[in-house]
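Residue numbers (UniProt numbering), protein chains in the order written: chain V, 1 to 482; chain F, 1 to 377.
Simulated from the structure, these hints should not be mistaken for laboratory data. We put the CB at the ideal spot given by N, CA and C, even for glycine. Treat the hints with caution; some may be incorrect.
[To be verified] With a straight-line Cα cutoff of 27 Å, these simulated DSS-like cross-link-like pairs (lysine-lysine) come out: (1) V:Lys167 x F:Lys194; (2) V:Lys320 x V:Lys333; (3) F:Lys133 x V:Lys412; (4) V:Lys167 x F:Lys267; (5) V:Lys252 x V:Lys167; (6) V:Lys226 x F:Lys194; (7) V:Lys167 x V:Lys333; (8) V:Lys119 x F:Lys133; (9) V:Lys412 x V:Lys396; (10) F:Lys237 x V:Lys226.
[Claimed, not checked] Residues of chain F clear of chain V, computed beta-carbon distances all greater than 10 Å: (11) Ser38; (12) Glu65; (13) Asn74; (14) Gly325; (15) Ala327.
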Amino acid sequence: MEMPIPDAGVLARKDRVVARLQGALPADAVIHDQAETRAYECDALTAYKCPPMVAVLPTTTQEVSDVLRICHEEGVPVVPRGSGTSLAGGALPTADCVILGVARMNDVLETDYENRTIKVQTGRTNLSVTGAVEENGFFYAPDPSSQLACAIAGNIAMNSGGAHCLKYGVTTNNLMGVTMVMMDGEVVEVGGGHMDSGGLDLLGLICGSEGQLGVVTEATLRILPKPEGARPVLMGFDDNEVAGACVSDIIKAGVLPVAIEFMDRLCIETCENFAHAGYPMCEALLIVEVEGSEAEIDHQLSLIMEIARRHNPVELRESKSAEESALIWLGRKSAFGAIGQINDYMCLDGTIPVSSLPFVLRRIGEMSKEYGLRVGNVFHAGDGNMHPLILFDANKPGDLELCEEFGAEVLKLCVEAGGCLTGEHGVGIEKRDLMTFQYAPEDLEAQMAVKDVFDPQWLLNPAKVFPLAVSEQRRSVAMAAE
Amino acid sequence: MIPDTEQALADAIKSARGPLAIQGGGTRGLRPMGDVLSTSGLSGISLYEPGALTIVAQAGTPVSEIESALAAENQRLAFEPMDHRVLLGTEGEPTLGGVIAANVSGPRRIQGGAARDYALGVRYVDGAGNIVKNGGRVMKNVTGYDLVKLMCGSFGTLGVMTEVALKVLPVPETQGTLMLRGLEDRAAVAAMAKAMGSPYEITGAAHCAKILDDDPVTALRVEGFEASVAYRLEQLKALFADEGADMLIASDEMSLWFWEGVRDAGKFSTAEGDVWRVSCKPTAGPDLVAASGAEECYYDWGGGLIWFLMPHGTDLRARLGRYDGHATRVRGGSDTVPQFEPEAPGVARISEGLRARFDPRGILNPGLMSPMTREVA
Chain V
1 MEMPIPDAGV LARKDRVVAR LQGALPADAV IHDQAETRAY ECDALTAYKC PPMVAVLPTT
61 TQEVSDVLRI CHEEGVPVVP RGSGTSLAGG ALPTADCVIL GVARMNDVLE TDYENRTIKV
121 QTGRTNLSVT GAVEENGFFY APDPSSQLAC AIAGNIAMNS GGAHCLKYGV TTNNLMGVTM
181 VMMDGEVVEV GGGHMDSGGL DLLGLICGSE GQLGVVTEAT LRILPKPEGA RPVLMGFDDN
241 EVAGACVSDI IKAGVLPVAI EFMDRLCIET CENFAHAGYP MCEALLIVEV EGSEAEIDHQ
301 LSLIMEIARR HNPVELRESK SAEESALIWL GRKSAFGAIG QINDYMCLDG TIPVSSLPFV
361 LRRIGEMSKE YGLRVGNVFH AGDGNMHPLI LFDANKPGDL ELCEEFGAEV LKLCVEAGGC
421 LTGEHGVGIE KRDLMTFQYA PEDLEAQMAV KDVFDPQWLL NPAKVFPLAV SEQRRSVAMA
481 AE
Chain F
1 MIPDTEQALA DAIKSARGPL AIQGGGTRGL RPMGDVLSTS GLSGISLYEP GALTIVAQAG
61 TPVSEIESAL AAENQRLAFE PMDHRVLLGT EGEPTLGGVI AANVSGPRRI QGGAARDYAL
121 GVRYVDGAGN IVKNGGRVMK NVTGYDLVKL MCGSFGTLGV MTEVALKVLP VPETQGTLML
181 RGLEDRAAVA AMAKAMGSPY EITGAAHCAK ILDDDPVTAL RVEGFEASVA YRLEQLKALF
241 ADEGADMLIA SDEMSLWFWE GVRDAGKFST AEGDVWRVSC KPTAGPDLVA ASGAEECYYD
301 WGGGLIWFLM PHGTDLRARL GRYDGHATRV RGGSDTVPQF EPEAPGVARI SEGLRARFDP
361 RGILNPGLMS PMTREVA
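Chain F extracted, bound-state conformation (with noise of 0.2 Å):
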């Protein structure tokens, strides 16, 4: 089903009699059971004002067309979303929608903060039928509770956006990368917070243990104007200067070229194994990466986010054992190991009743972020 409205998205779901995979793209790589649903109907910009750094799109509109009119305007999607298809090999187009349903958020999470971040207001069609609209289209906003959040990362679970109000910002006159070689993890963690404890705003720290002639390489990038950013890369270098690794400023296309690679987990693009994402406290990534046993990974997020490959059907979360933070499987499926990973018990009672409330038939992609407790009605 590809409804071209919203009100024939509603009357879909109102007359669905099973469960419904709900979908944008189709580029993550998600298969939840059912019908599939599609939000690619409901395309285009309904609004986007430069000055007040908003633009309001249907769900269904293609991240493509979006960053096409930001760019027009020197403008962009400062949360940085992957682009699935490099690592997944899937086609077609990623969609606003989605984007917003997983919370997708690249290397510069850490200073920008995540899509969910930049959400200002959605549309959506709850499981019952009914359209529902949170937020706005401002900055600042508290007028009753923020159901954009929930829905930023529900993967669908609990309603279909329709509409997506983003904050954008500018694009940097430029931006440089300043890369340690040689640093074991460990030390990499450490050289990754002493600059983000800097002043020098940075907005991407990463570590990879194998690329570039297979030495390690620690990367941290700032963005911004052109004298400030010269500026900032020396003083980097100068912070660095005591811990005996080589460094380089990277040129601009190896910077650009290396920061999509971070984004697109491109270095596990054509690798076999299933990929994992894990969320953790940086200081607590080489344990987590000594426990995982893992062939290949790599840190971004200042060590806040490691992306590890692994054995077919590995239990990564049976290997890191208890920690601060949460391990999601990106590629590869398992019929015994949960894709997400499974909530605290407390909590997991509050975000069933959520799903309960929010679809009471149990049809909006049902099983995709947790067991299924109910009946698909």
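Same shape as in the complex, but just chain V (with noise of 0.2 Å):
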């Protein structure tokens, strides 16, 4: 994956702006040390890594905006991390950045059960954002399977998704309103804990734009009240286009399940031997819940359990009880690490149509035999996100190349059929040279148009999203300029 050059003039200056930052930053709170930034050199993305120039930890938006000032007195590009967790390199620094972590920025600011809204500072990490409000009934809804450990920053910045959105949406669904800092330092309010915005609906562009507009310091977040009780029902197929077609079914038929969870023959043979979650050998499993009262949950169940016995399923196994509810999950969601338990592997985040869905398993079934790499299928059917695992090796030299051209064309594959390059994980710099299948020259000229606006100089996290080549003449003006 090609990066830019380090900008030399930037690190010949790196004394001065190691002094600076630190004289805005407490002592430890500015790491310039190189055996100590290599901590930041990757995220999730392992397979790329290069540490940064500097990488600061500042603890409130007055601390952000003057890290931001500096940096952008002083021309050097600043790389945002939440907590590291990106799958598509999204808080890869470059050798010349500063990476601003908000890790330490963690604090709930503000919970308001009477309006349904809770305020923290975005290093807090999603699954504490919850644990700040579920005594008293809520739960913030968004649930990556990085939960534990992702940062509402970096939900913010990838609009990230997960198992339950089918019904409750994705983070730019429940996010009300952010603390943002620009570039040059400036504070800006948008949104808040009101619905809807008065001007421009910028905190929806705000939210997905990866780290390129700015730096969210604070978010207002909304919290639902918990359902009364939630239960899944757990189905296989011998044939993934018959489960296809009873997904689109239940889809039809008017129920609105929380969530439809799909796996094919490898991942259920993985899962079930790291899990033991009881799953049946079979060539596709569905995990399909609802949510309501329990009489609600029966009649929601029965209707599922109806439309999949259309389907000839080889199991159909509903859950009576919260054990049961716990194993049916268990499996599913230890997925991504059962599979790294047994090889390498990337994981792919295209959606599609769900009508598609038949089709391009298939395709891509046909594809791996060609490259000759295995792939397992686990994703959120209900939507359409699929998340494709290629099996590689990669201490075999060319393997991960071959890994990463069989993906492309998959994600090809997606925007083919109807679909897009990703779902909820970001382009970062996985998916940045494949926007020009997805975007016509203009489509990406008008979101450059909007990174213009918000940071002329291009500073902010300037090598993702968009091909090097097409950011190219933008950067190097905007370096020249310095």
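Reconstruct the complex from the two isolated chains, following the hints.
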């Protein structure tokens, strides 16, 4: 993966930049020792590593503002970082950058149950937002698999989703307001405790902008009352396409499950060996979860099982208790870890129209044979967000490259099927060079024009989202202007 | 001008020599200066996949056409867009593009989200005549910046939408409304908060001070399968057993009529005066109402949206002072009081910067959302 050549001028100014940052932050918040900066050399896309020039860990919006103002004046690129769990390389540094980590900003600033909002510093982890309100019967809905570790800052940057967003939406649907620091240090407030914006929907624009428009330090999030209960049904099929048709029928029938998860044979077997969840050995497995009172759950599950029976399932197991539910989810939730135990893998994130599911799964199977690399499929079937896991051997020369080539072909297939390159992980560096496949030059130009407005010098996370060749002119003009 | 293809619309914008007033069905009472550029020639549903809960249509497609296509599959636009004709006495057909450009959402906003939450993709022509697409037709998409949200609620000032892809939802089996009578505003907002903090999934929460024999009415709507709706209405009644308010479960007809009225501000349709919408924190509502000195008002969105009827020309914002939210005038004109809430300086600079990039000549609905700061080129 190509990254821009570090700016020699910036590297030469390192001592001055460090000194200025030390003047603005507590001593332990500026990390510039080469051994220590290595802790920030990558995120969860571990195939790519580069220690930053400096890493800073501010604790307040004012400190973030000071850092950005200094970097702006010094012409230093800044890469914002939440918890570093990005699978797309969203927090991958360049050698000439300052990593701005918000991990120390994890306070709850306000909980407001009457208005159903919580205001937090964005370094707070996703799960601990729910942790702060669950005693009072509330939760924060978006639930990415990394929710134990991932920060709200990264969730906002990538507009993260999760298994339950079929019903509750993704981050952008649950974000009400932000405090954001612009690259020049100016602090702006967008949205707040009320619904919808008065002017342009800048909040919608900021969410999912991958840390390229500003650094969000505080966020007002919508919290929801916990449902009375939730239970899944597990169903097994001996054919992927039949499982796909079953998903479509459930959705059409007017039942709206909170989650519909899909796993194929490779994933079923691997997860079963790992988690012993009692999964049936078959070609395709669905986990469909519904919410409500006991009677409501019974009613919805009975409708769903009636639909499933029309598709001749090899297994149909309704959870009858919290323990059974946990067991059904156990395998699915450990899928990435389980596969990671048996093999190196690359996790894709394309989304397709649900109707194209059978076709796309068949094509991925054929391509798997062509490339000689095995693929496991585990994904959010209700909304067509696929996660093909391509297995490869990191120690075998050329295997990673082959895997990346295969991955790119799968993502192109998603786009051809009417879908997109990424449903919830973000573009980062990983899908950057495929953007021209989904978007025409004028489409990308419109997006880059937005960055021009927020960050005219292209200093914030500049090497992400847009193909380097496409953004080169803007980045080099900015560099020359130093 | 009524172009009948996207390319013709792009050409019209490219060759425009002055301001353009962008119009869908023209039902929302907006009268920006300039030659009218209508999207009504771009009409028709291009793709509808009920099993994927997705519909794609040209921007000028009448909302009624979309709603009847969805109804045939027992689906609907879940954000419940208002029909402005009732309040404004306008004629014509509301269009999909208009709904999205104005981000029009009704009572179900509190549970299901706004129009912007259902918009999956757009095609639009910017102020320079470039045809641009963003988003797509799938429910989860984080590929690049979300310009779809930016176009929603931009009132045609950034670009003219030509096509919109939407997420749709199934129509629930039934709906039901519990009405509490006699609650004062503060008690009503607290009651709505209590209901919305319960697990019974309220899809409408409104409070009217004067309707039905002039008794205040606080209404809570639930939707879903019949047995579930009945169960949740009973649970809600139990929740409020100690409040001392009269409770009744509205008939089906009454419930439908009531929520349509809340959605369309039907209450103010024949009354004299300006009509304002104020978005605020629900608990702040009663104080804002007291400060407004309004003749009439009602609360929607559990108190997060307040509709005010004010004497002509009132500067409602001056009366409300500072609060977390914003006010928009939906009916009535004024030379001195802006229709849209002026933005805070930092945000205004960003918005102005975006307008300058998306519409470099400043010809798309100039001055509609914000004061004109540039000469129309």
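Checked hints:
no.: 1; hint: V:Lys167 x F:Lys194; result: holds (22 Å)
no.: 2; hint: V:Lys320 x V:Lys333; result: holds (19 Å)
no.: 3; hint: F:Lys133 x V:Lys412; result: holds (17 Å)
no.: 4; hint: V:Lys167 x F:Lys267; result: violated (33 Å)
no.: 5; hint: V:Lys252 x V:Lys167; result: holds (15 Å)
no.: 6; hint: V:Lys226 x F:Lys194; result: holds (13 Å)
no.: 7; hint: V:Lys167 x V:Lys333; result: holds (18 Å)
no.: 8; hint: V:Lys119 x F:Lys133; result: violated (34 Å)
no.: 9; hint: V:Lys412 x V:Lys396; result: holds (25 Å)
no.: 10; hint: F:Lys237 x V:Lys226; result: holds (19 Å)
no.: 11; hint: Ser38; result: holds (23 Å)
no.: 12; hint: Glu65; result: holds (21 Å)
no.: 13; hint: Asn74; result: violated (6 Å)
no.: 14; hint: Gly325; result: violated (4 Å)
no.: 15; hint: Ala327; result: violated (8 Å)
Checked against the numbered hints above, the structure violates hints 4, 8, 13, 14 and 15; every other hint is satisfied.
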